[in-house]
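S.K.: In this note's numbering, the protein residues as written are 77 to 209.
Calculated from the structure, these hints are not laboratory results.
Any given hint could turn out to be false.
Quick list of the computed label-pair ranges, beta carbon to beta carbon [what the hints assert, rightly or not]:
| # | residue 1 | residue 2 | range |
| --- | --- | --- | --- |
| 1 | T138 | T111 | 28 to 34 Å |
| 2 | T111 | V137 | 27 to 33 Å |
| 3 | R160 | K81 | 36 to 42 Å |
| 4 | D92 | D148 | 17 to 23 Å |
| 5 | Q113 | H184 | 20 to 26 Å |
| 6 | L198 | N171 | 40 to 46 Å |
| 7 | S156 | S127 | 16 to 22 Å |
| 8 | P119 | S78 | 44 to 50 Å |
| 9 | K141 | D115 | 38 to 44 Å |
| 10 | E88 | P174 | 33 to 39 Å |
Once the Cα atoms are required to be at most 25 Å apart in a straight line, the calculated SDA-like pairs of lysine to any residue come out as [claimed, not checked]:
| # | residue 1 | residue 2 |
| --- | --- | --- |
| 11 | K100 | T134 |
| 12 | K141 | E192 |
| 13 | K117 | G128 |
| 14 | K141 | S156 |
| 15 | K141 | V190 |
| 16 | K81 | A96 |
| 17 | K141 | L151 |
| 18 | K100 | A188 |
| 19 | K117 | L104 |
| 20 | K89 | R131 |
| 21 | K100 | T138 |
| 22 | K117 | R172 |
| 23 | K117 | P174 |
| 24 | K117 | V159 |
| 25 | K89 | T134 |
| 26 | K117 | G165 |
| 27 | K100 | S126 |
| 28 | K89 | V143 |
Glycine included, C-beta positions come from ideal geometry on N, C-alpha and C.
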Amino acid sequence: MSRWKASLDHAEKRIDDLCAEITKLADLASEYWITPQADAKIPVLQARISSGLVRIATMRVTLSKFVLGLADERLVDLESSFVRQATGGDFGVHNRAPSQSTAAAAQHAGSALVVEIRRSRLASFTRWWTPKV
Numbered sequence: 077m078s079r080w081k082a083s084l085d086h087a088e089k090r091i092d093d094l095c096a097e098i099t100k101l102a103d104l105a106s107e108y109w110i111t112p113q114a115d116a117k118i119p120v121l122q123a124r125i126s127s128g129l130v131r132i133a134t135m136r137v138t139l140s141k142f143v144l145g146l147a148d149e150r151l152v153d154l155e156s157s158f159v160r161q162a163t164g165g166d167f168g169v170h171n172r173a174p175s176q177s178t179a180a181a182a183q184h185a186g187s188a189l190v191v192e193i194r195r196s197r198l199a200s201f202t203r204w205w206t207p208k209v
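Start from the sequences, fold in the hints, and give me the full structure.
M.R.: Laid out in structure tokens, this is it:
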């Protein structure tokens with residue numbers, strides 16, 4: 077029983093890490109989109125966003141092998157939407173104008189992804205813990 081509980085706790089910790097990484101990346105993307113392209117910190121933000129997207133994808137794919145629900149098609153679609161919103165059409169363009177709407181869209185897409193990850197995980201618990209009547 078204790079090994080099962082330890083395994084469950086480990087999975088929950090990794091899911092918490094994934095959700096924290098998504099939230100952090102949504103914040104970085106929002107900062108990027110409201111900062112003028114000529115600002116000196118833009119290259120660093122671009123690099124952090126690009127590497128963060130790779131980290132999120134790697135974490136989700138790795139966890140999906142062990143955690144039920146993280147490979148669902150809806151979750152993959154929301155992750156794709158988050159990538160599109162975080163990087164947008166003008167990501168890295170030298171004459172990009174700041175866009176408050178794109179910054180907000182990145183936050184919304186990140187939140188939707190976190191909610192779906194939590195919902196998927198809760199659904200897997202419901203299957204385990206719901207009494208069979």
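S.K.: Hints first: check each against the structure and report whether it holds.
M.R.: Status of the hints after comparison with the structure:
{"no.": "1", "hint": "T138 - T111: 28 to 34 Å", "result": "32 Å, holds"}
{"no.": "2", "hint": "T111 - V137: 27 to 33 Å", "result": "30 Å, holds"}
{"no.": "3", "hint": "R160 - K81: 36 to 42 Å", "result": "38 Å, holds"}
{"no.": "4", "hint": "D92 - D148: 17 to 23 Å", "result": "19 Å, holds"}
{"no.": "5", "hint": "Q113 - H184: 20 to 26 Å", "result": "23 Å, holds"}
{"no.": "6", "hint": "L198 - N171: 40 to 46 Å", "result": "44 Å, holds"}
{"no.": "7", "hint": "S156 - S127: 16 to 22 Å", "result": "18 Å, holds"}
{"no.": "8", "hint": "P119 - S78: 44 to 50 Å", "result": "48 Å, holds"}
{"no.": "9", "hint": "K141 - D115: 38 to 44 Å", "result": "40 Å, holds"}
{"no.": "10", "hint": "E88 - P174: 33 to 39 Å", "result": "38 Å, holds"}
{"no.": "11", "hint": "K100 - T134", "result": "16 Å, holds"}
{"no.": "12", "hint": "K141 - E192", "result": "17 Å, holds"}
{"no.": "13", "hint": "K117 - G128", "result": "16 Å, holds"}
{"no.": "14", "hint": "K141 - S156", "result": "19 Å, holds"}
{"no.": "15", "hint": "K141 - V190", "result": "18 Å, holds"}
{"no.": "16", "hint": "K81 - A96", "result": "22 Å, holds"}
{"no.": "17", "hint": "K141 - L151", "result": "14 Å, holds"}
{"no.": "18", "hint": "K100 - A188", "result": "14 Å, holds"}
{"no.": "19", "hint": "K117 - L104", "result": "11 Å, holds"}
{"no.": "20", "hint": "K89 - R131", "result": "16 Å, holds"}
{"no.": "21", "hint": "K100 - T138", "result": "19 Å, holds"}
{"no.": "22", "hint": "K117 - R172", "result": "14 Å, holds"}
{"no.": "23", "hint": "K117 - P174", "result": "14 Å, holds"}
{"no.": "24", "hint": "K117 - V159", "result": "21 Å, holds"}
{"no.": "25", "hint": "K89 - T134", "result": "16 Å, holds"}
{"no.": "26", "hint": "K117 - G165", "result": "20 Å, holds"}
{"no.": "27", "hint": "K100 - S126", "result": "13 Å, holds"}
{"no.": "28", "hint": "K89 - V143", "result": "12 Å, holds"}
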